[in-house]
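Student: When you get a sec, could you build the whole thing from the sequences and use the hints?
So the protein sequences, as listed, match chains A and B. Residue numbers for the first sequence follow the working numbering, beginning at 1 and rising by one. Residue numbers for the second sequence follow the working numbering, beginning at 1 and rising by one.
Take these hints with a grain of salt, some might be off.
Stated by the list, open to error - Covered stretches of chain A, as calculated for chain B (at least 3 residues, CB under 8 Å):
#, stretch
1, 198-205
2, 280-286
As the list claims (entries may be wrong) - Derived SDA-like pairs: lysine to any residue, alpha-carbon spacing no greater than 25 Å straight-line:
#, chain 1, residue 1, chain 2, residue 2
3, A, K147, B, K8
4, B, K8, A, V152
5, B, K203, B, Q187
6, B, K8, A, Q310
Hints are computed from structural coordinates only; laboratory data are not their basis. Beta carbons: idealized from backbone N, C-alpha and C, even for Gly.
The lines below spell out each chain.
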Amino acid sequence: MSDYVRQMPEASADLARNPSFSERFHIDLPLLGLLLVLTTLGLVVLYSASGQKMGAVIRQGRYFILAYVVMLVAAQVSLQRYQRWTPWAYLAGVGLLLAVIFFGTGAKGAQRWLALPGFRFQPSEIMKLMVPLALAWYLSSRVLPPKFQYVVISLVLIGLPSALVILQPDLGTALLLASSGLFVLFMSGIGWRYIVGSIALAIASAWPAWVYMLHDYQKQRILTLLNPERDKLGAGWNIIQSKTAIGSGGWSGKGWLNGTQSQLDFLPESHTDFIIAVLAEEFGLRGVLVLLSLYLLILLRGFWISLNAQDSFSRLLASSLTLTFFVYVFVNMGMVSGLLPVVGVPLPLVSAGGTSIVTLMAGFGILMAISTEKRLVGQ
Amino acid sequence: MSKYIALKDPYLESRIFSARTVLVMLMVLALLGVLLLRYFNLQVSQFETYRTESDRNRVQLQPLPPKRGLIYDRNGVLLAENRPSYVLSLVLERVPELGSTLDKLAELLPVSANDIEKFEQRAKRRRPYDAVPLRFRLSEEERAQLAVNRFQLPGVVVDAQLVRHYEHGSLFSHALGYVGRISEEEQALIDEVNYRGTNHIGKIGLEKHYEDLLHGQVGYQNVETNALGRVLRVLERTPPEPGANLTLSLDIRVQQAAYEALDGRRGAVVAMDPYSGGVLAMVSTPGFDTNLFVNGVSSADYSALRDSRDLPLFNRAIQGQYPPGSTVKPIFGLAGLEAGTVTAETAIKDPGWYVLPGEERRFRDWTLRVRGTGHGDAVNLHQAIEESCDTYFYDLAYRMGIDALHDFSAPFGLGEVTGIDTTHERAGILPSRSWKRRARGQVWFPGETLNVGIGQGHLLATPLQLALATSILATRGLHYQPRLLYKIDDKPVDPGAPTLVEADDANWATVHDAMRAVFHDVRGSAFATGRGSSIIMAGKSGTAQVVGIAQDEEYNEEEVYERHRDHGLFIAFAPYEDPEIAVAVAVENGGGGSKVAAPIARRVMDAYLADTAERS
Numbered sequence: 001m002s003d004y005v006r007q008m009p010e011a012s013a014d015l016a017r018n019p020s021f022s023e024r025f026h027i028d029l030p031l032l033g034l035l036l037v038l039t040t041l042g043l044v045v046l047y048s049a050s051g052q053k054m055g056a057v058i059r060q061g062r063y064f065i066l067a068y069v070v071m072l073v074a075a076q077v078s079l080q081r082y083q084r085w086t087p088w089a090y091l092a093g094v095g096l097l098l099a100v101i102f103f104g105t106g107a108k109g110a111q112r113w114l115a116l117p118g119f120r121f122q123p124s125e126i127m128k129l130m131v132p133l134a135l136a137w138y139l140s141s142r143v144l145p146p147k148f149q150y151v152v153i154s155l156v157l158i159g160l161p162s163a164l165v166i167l168q169p170d171l172g173t174a175l176l177l178a179s180s181g182l183f184v185l186f187m188s189g190i191g192w193r194y195i196v197g198s199i200a201l202a203i204a205s206a207w208p209a210w211v212y213m214l215h216d217y218q219k220q221r222i223l224t225l226l227n228p229e230r231d232k233l234g235a236g237w238n239i240i241q242s243k244t245a246i247g248s249g250g251w252s253g254k255g256w257l258n259g260t261q262s263q264l265d266f267l268p269e270s271h272t273d274f275i276i277a278v279l280a281e282e283f284g285l286r287g288v289l290v291l292l293s294l295y296l297l298i299l300l301r302g303f304w305i306s307l308n309a310q311d312s313f314s315r316l317l318a319s320s321l322t323l324t325f326f327v328y329v330f331v332n333m334g335m336v337s338g339l340l341p342v343v344g345v346p347l348p349l350v351s352a353g354g355t356s357i358v359t360l361m362a363g364f365g366i367l368m369a370i371s372t373e374k375r376l377v378g379q
Numbered sequence: 001m002s003k004y005i006a007l008k009d010p011y012l013e014s015r016i017f018s019a020r021t022v023l024v025m026l027m028v029l030a031l032l033g034v035l036l037l038r039y040f041n042l043q044v045s046q047f048e049t050y051r052t053e054s055d056r057n058r059v060q061l062q063p064l065p066p067k068r069g070l071i072y073d074r075n076g077v078l079l080a081e082n083r084p085s086y087v088l089s090l091v092l093e094r095v096p097e098l099g100s101t102l103d104k105l106a107e108l109l110p111v112s113a114n115d116i117e118k119f120e121q122r123a124k125r126r127r128p129y130d131a132v133p134l135r136f137r138l139s140e141e142e143r144a145q146l147a148v149n150r151f152q153l154p155g156v157v158v159d160a161q162l163v164r165h166y167e168h169g170s171l172f173s174h175a176l177g178y179v180g181r182i183s184e185e186e187q188a189l190i191d192e193v194n195y196r197g198t199n200h201i202g203k204i205g206l207e208k209h210y211e212d213l214l215h216g217q218v219g220y221q222n223v224e225t226n227a228l229g230r231v232l233r234v235l236e237r238t239p240p241e242p243g244a245n246l247t248l249s250l251d252i253r254v255q256q257a258a259y260e261a262l263d264g265r266r267g268a269v270v271a272m273d274p275y276s277g278g279v280l281a282m283v284s285t286p287g288f289d290t291n292l293f294v295n296g297v298s299s300a301d302y303s304a305l306r307d308s309r310d311l312p313l314f315n316r317a318i319q320g321q322y323p324p325g326s327t328v329k330p331i332f333g334l335a336g337l338e339a340g341t342v343t344a345e346t347a348i349k350d351p352g353w354y355v356l357p358g359e360e361r362r363f364r365d366w367t368l369r370v371r372g373t374g375h376g377d378a379v380n381l382h383q384a385i386e387e388s389c390d391t392y393f394y395d396l397a398y399r400m401g402i403d404a405l406h407d408f409s410a411p412f413g414l415g416e417v418t419g420i421d422t423t424h425e426r427a428g429i430l431p432s433r434s435w436k437r438r439a440r441g442q443v444w445f446p447g448e449t450l451n452v453g454i455g456q457g458h459l460l461a462t463p464l465q466l467a468l469a470t471s472i473l474a475t476r477g478l479h480y481q482p483r484l485l486y487k488i489d490d491k492p493v494d495p496g497a498p499t500l501v502e503a504d505d506a507n508w509a510t511v512h513d514a515m516r517a518v519f520h521d522v523r524g525s526a527f528a529t530g531r532g533s534s535i536i537m538a539g540k541s542g543t544a545q546v547v548g549i550a551q552d553e554e555y556n557e558e559e560v561y562e563r564h565r566d567h568g569l570f571i572a573f574a575p576y577e578d579p580e581i582a583v584a585v586a587v588e589n590g591g592g593g594s595k596v597a598a599p600i601a602r603r604v605m606d607a608y609l610a611d612t613a614e615r616s
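Tutor: In structure tokens form, the structure reads like this:
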């Protein structure tokens, strides 16, 4: 922050006035309001989706409280500090991912957790913040649009953690990691020839990836997506049941707690990845519209923050966090409705599950830091 | 951007960023639009399809099988009831992989190859979403095992079914028959709607005869089930109508007495109430445990029963056709009196044999073999019945002729099925000239008439037919159709009007008196049995020479002799003045009827009369 800016007359006027509560604590009120509405709605749906167990709601509520605290803490940290810490945090994250490969514990054929005395956590979740931070940190100090060698190094920064996560294997998280980094690259103004070239490369490498890289269960998911009837009672069951749940909800829904698909256990994973099907069944398309509107408003707020950010680091970071949030929404709602293969991506801030909520809210904390940093500086 | 820019240009960076943001926002909006279209498509355009799909998921129409009617004896003792039995079934549509599910089940509880084979047969002809039974009669421990592992076993259902149980399986095996699982052939014959949900059907005997009464009417319910097929809520219900409870005329105490008196020998006892046709006892020994058949008899058990030379599955009471021997003498005597062939006073000279006029061959009296002589110089009808004189009846039969004997005896129910309310009854043979022409294509020989005259030769009767004939004798001509059913749901069944066998009162009295003498005169053939009885009884013994019963048995050399011994028979009624019970007893290869069968008849009558005395 330069002296020039500080000595602008408007700025000093701004500084002279007593900062409001939200300014003092770096809170972006519109964003906070939207998040509160969304998380409340999430708890309401979760109560129904968990088979009307108050216990599940309370557990999720505790996660929310923790997540809001993390968000507020993240909002207090200055952007300079983020920039200073980023390279070390990134390296530590990659180290943890390596540790998962060697010492991790897991479930359902995947090894994702690190067990520490007392609790266990997924390092890949932390990387969802570290990758965009690292990219923003790296690119913001270069001349933009980035030159070729910076693009290559950026790709390495993205590729390393993504590859480690694929090894776990966790395709859904790897997808989110990679896209959060690529969004930074894209927003930095990377040339169109890179974009067109990489899309062509992706298409060309699809066949080798299919043959050599994808696990059987991942292939199953894709095949089943293309034709759920292929395996009605096995892999196709989830998609058929979730589509039935969504479709039978109609315009106005069957009513809260009255969704037969979800209440009678036809819907698998109804309180985690497939929770949107519960909402769609019980609240109908009206409910889906409300949810989509909330997400859209949050996204618009995110874009507004990034457009108004003062420097490249903040801009790139804010837009990447916003777009990653969008990827969550799109992939989850797409997969549950049968548009996309089933990759384990939760519906953000609605699906049950602690870690993803905490990282998402930490991301919103960073967004708030960016949003309020700007205001302290003045227009 | 061909020009190399060495320094950071915040303005350019911000401009590029803004342009990209706009681009990205447009894409985000477009993709959200795609999502919206997708949900619109599912929830509005295809709403009907998915609503139907969802309803089909959760709502099922379930048949409610009716409770099968219970069966009681005349005193209200429960003979056939329904007990809850836990059945392990699979709903194949909900089983992810049959092979591994069966493996898993086999780890938890014994599942035999036989179970799996029967299961596969049943699975072939199931209706969709039907639970196909795999194992029956689960123990408490097995149920617990399944309950613990239920969540690993989708599509596996354990439910309680009411299954027939026969408290006195062997004692009433032939009287009641049994139910069993519906076979493929039966499936084709039954009312498919009414038997939806029913697994068992009357296979044989009374259970089969009264299937319609006992089964009841099926009910239905619409139920909401969860993904595991568990019923959560009943939406609509039409209750089933249970089958009628049947009270039989059988008296367990009489049945028990007959069963014990037969003491494991091959034989049969039928006892009737002569004034209603109600069957008081119907025993055929050896019996078998009918419970074995309820859920499908194992092939080992079945072949043991089928191949036993004692033919336990054979209901001797209604299927066993025996030469009645001298037990027909009261009827033939009455025939002679009625026809005027003899009078009560007519006496013949019995040297111990009879020779047809103009022939050489001697027809021997049984006494010839025993004491080398006949019954005396003046044997009348009374003595001929009391002592069972064969010579008298050779003469009587010869003089009456076979057709007159046939015509007089037919109304006593010989030679035709009695029409009793059970299955597999046989008719016996009451021979005549026309019968022999028809059945054998041969002419009748006079000597054959003599054999029939002492209840041998072509004449065959079942124990039930003999009991019926005895009832008619006892009541002086009342012919009621024999019947096992006494009450339906506590409403007595009308026994129907009897047909009347007409004869002169004095002639009935002559025959009755002779039958009384069988028990109570010193010369009576069953005097030993009648001794000490406070009740006056009437009876007639019979001893039938046989080569074995008319079954396709295989004998081994050792057994031949035993199985060539005479059948012992006995008919009786009591009390003499006012008959309440008529009995017929047959003991295969038992020897003389007066020795082996008469005591059985007495025990049966005593049991019943003690019973009625106790009640009144």
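Student: Among all the numbered hints in the text so far, which are the ones the structure does not match?
Tutor: 1
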